[in-house]
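Once you've looked at the hints, dock chain E against the given chain D.
Protein chains: 2
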Amino acid sequence: MGPVNYPSKLLENAVNEFSSLPGIGRKTALRLVMHLLRQDPVDVTRFGETIIKLRKEIKYCSKCHIISDEDICSICNDRLRDSSLLCVVESTQDVLAIENTRQYRGLYHVLGGIISPVDGIGPSDLNIDSLEERVKEGGINEVVFALSTTMEGDTTSYYLYRRLQKYNIKITAIARGIAIGDELEYTDEITLGRSIINRTSFVSPA
Amino acid sequence: MGPVNYPSKLLENAVNEFSSLPGIGRKTALRLVMHLLRQDPVDVTRFGETIIKLRKEIKYCSKCHIISDEDICSICNDRLRDSSLLCVVESTQDVLAIENTRQYRGLYHVLGGIISPVDGIGPSDLNIDSLEERVKEGGINEVVFALSTTMEGDTTSYYLYRRLQKYNIKITAIARGIAIGDELEYTDEITLGRSIINRTSFVSPA
Chain D
470 MGPVNYPSKL
480 LENAVNEFSS
490 LPGIGRKTAL
500 RLVMHLLRQD
510 PVDVTRFGET
520 IIKLRKEIKY
530 CSKCHIISDE
540 DICSICNDRL
550 RDSSLLCVVE
560 STQDVLAIEN
570 TRQYRGLYHV
580 LGGIISPVDG
590 IGPSDLNIDS
600 LEERVKEGGI
610 NEVVFALSTT
620 MEGDTTSYYL
630 YRRLQKYNIK
640 ITAIARGIAI
650 GDELEYTDEI
660 TLGRSIINRT
670 SFVSPA
Chain E
470 MGPVNYPSKL
480 LENAVNEFSS
490 LPGIGRKTAL
500 RLVMHLLRQD
510 PVDVTRFGET
520 IIKLRKEIKY
530 CSKCHIISDE
540 DICSICNDRL
550 RDSSLLCVVE
560 STQDVLAIEN
570 TRQYRGLYHV
580 LGGIISPVDG
590 IGPSDLNIDS
600 LEERVKEGGI
610 NEVVFALSTT
620 MEGDTTSYYL
630 YRRLQKYNIK
640 ITAIARGIAI
650 GDELEYTDEI
660 TLGRSIINRT
670 SFVSPA
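Protein sequences, first through last, are from chains D and E.
Going by our numbering, the letters in the first sequence line up with residues 470 to 675, in that order.
Going by our numbering, the letters in the second sequence line up with residues 470 to 675, in that order.
Think of the hints as simulated: they come from the structure by calculation, not from any bench.
It is possible that part of the hints are untrue.
[Said to hold, decoys possible] Cut-off 20 angstroms, straight-line C-alpha distance, at most; resulting in silico cross-link-like pairs (EDC-like, lysine to aspartate or glutamate):
| no. | chain 1 | residue 1 | chain 2 | residue 2 |
| --- | --- | --- | --- | --- |
| 1 | D | Lys528 | E | Glu481 |
| 2 | D | Lys478 | E | Asp563 |
| 3 | D | Lys478 | E | Asp538 |
Just chain D, same shape as in the assembly (with noise of 0.2 angstroms):
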């Protein structure tokens, strides 16, 4: 037995629409439709705009390719932060997730992905051209890797290391070990074999 009959196409048409969103199945997007219907008519119009506007309008900053509404965003643009320092992330998302921590006060370099051969994603899909021109440039003198921990994320990690080892810099990359919480039971053996291997001083920094 297939799903019913929608009793409006215009419903219908909106429910396909939410449920083609990650995550969201045919009774959530439903449910999301009917709040929408409960709400001002000029508050969906502007909802509905407001996503028109940004997949039309969007740009991306010339210099470390994070979503910015200017030519250079507003990261590059701080003259407070450490020109020196570029952390290196998958994701204006994931830039969001570090600035969140209020621990970094470097720049970034977006790479739009990472390398993953199985979906045909390249070094040369990404931004690291721009980032190897940077470091080129001059003026950098560490370069943080922020990759996932998974076989993309090394993958990647590796080759922009080779692509970047010729340049008088320091490459690191985050810290991994046991999240903050976790139970060492319950860590797997992997995560906590590395985690003894790159111990650290136990007196914590300030």
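Same frame as chain D, but now just chain E:
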């Protein structure tokens, strides 16, 4: 520490719109927005326009108040349905849920909500006059209440019962009891108690 600034106003606006939807937090909203950014602009424009069109052009069946593109919906217009049987529900979603069971071939009446003094929703805010009108017109033999098993649902059913009892019709309510697959041990005592009182013949209907 509040949330971090978004690098783009367009991005922030879109995240704000999505996170205004029920059950969608800022992190999920960002994920949905990033998904849209990876889609074809034509598809995203269609998404936005579908939402706007839905809210602007949505209509409700003038008979049963279900969401409908026509003045009279396809259910009310279906001559194969039993027009002597009327099921009263809260919303269009509930009609879809009942239709999905394929166990009901009568008509519906959508109240558009339930009586909830806490939320300031009284009988006059719901499609109750038009329900009485339909019953008064004649041709209906049975009205089935299919409202939530909550205090508001029960209050609404009781109110409707008092409004409709003067007409020569059968008034019923959907069965309440142990859900199929539920374990007795974990069933609340009110449900369990009612299911004993309202026990049915062991031979199940074909």
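Results for each hint:
Distance check on the hinted pair: lysine 528/D and glutamate 481/E sit about 13 angstroms apart at the alpha-carbon level, within 20 angstroms; holds. Straight-line distance between C-alpha atoms of lysine 478/D and aspartate 563/E comes to about 18 angstroms, which keeps the hinted pair within the 20 angstroms bound. With a C-alpha separation of about 7 angstroms, the suggested pairing of lysine 478/D with aspartate 538/E holds against the 20 angstroms cut-off.
Violation of the numbered hints given earlier is absent; every hint is satisfied by the structure.
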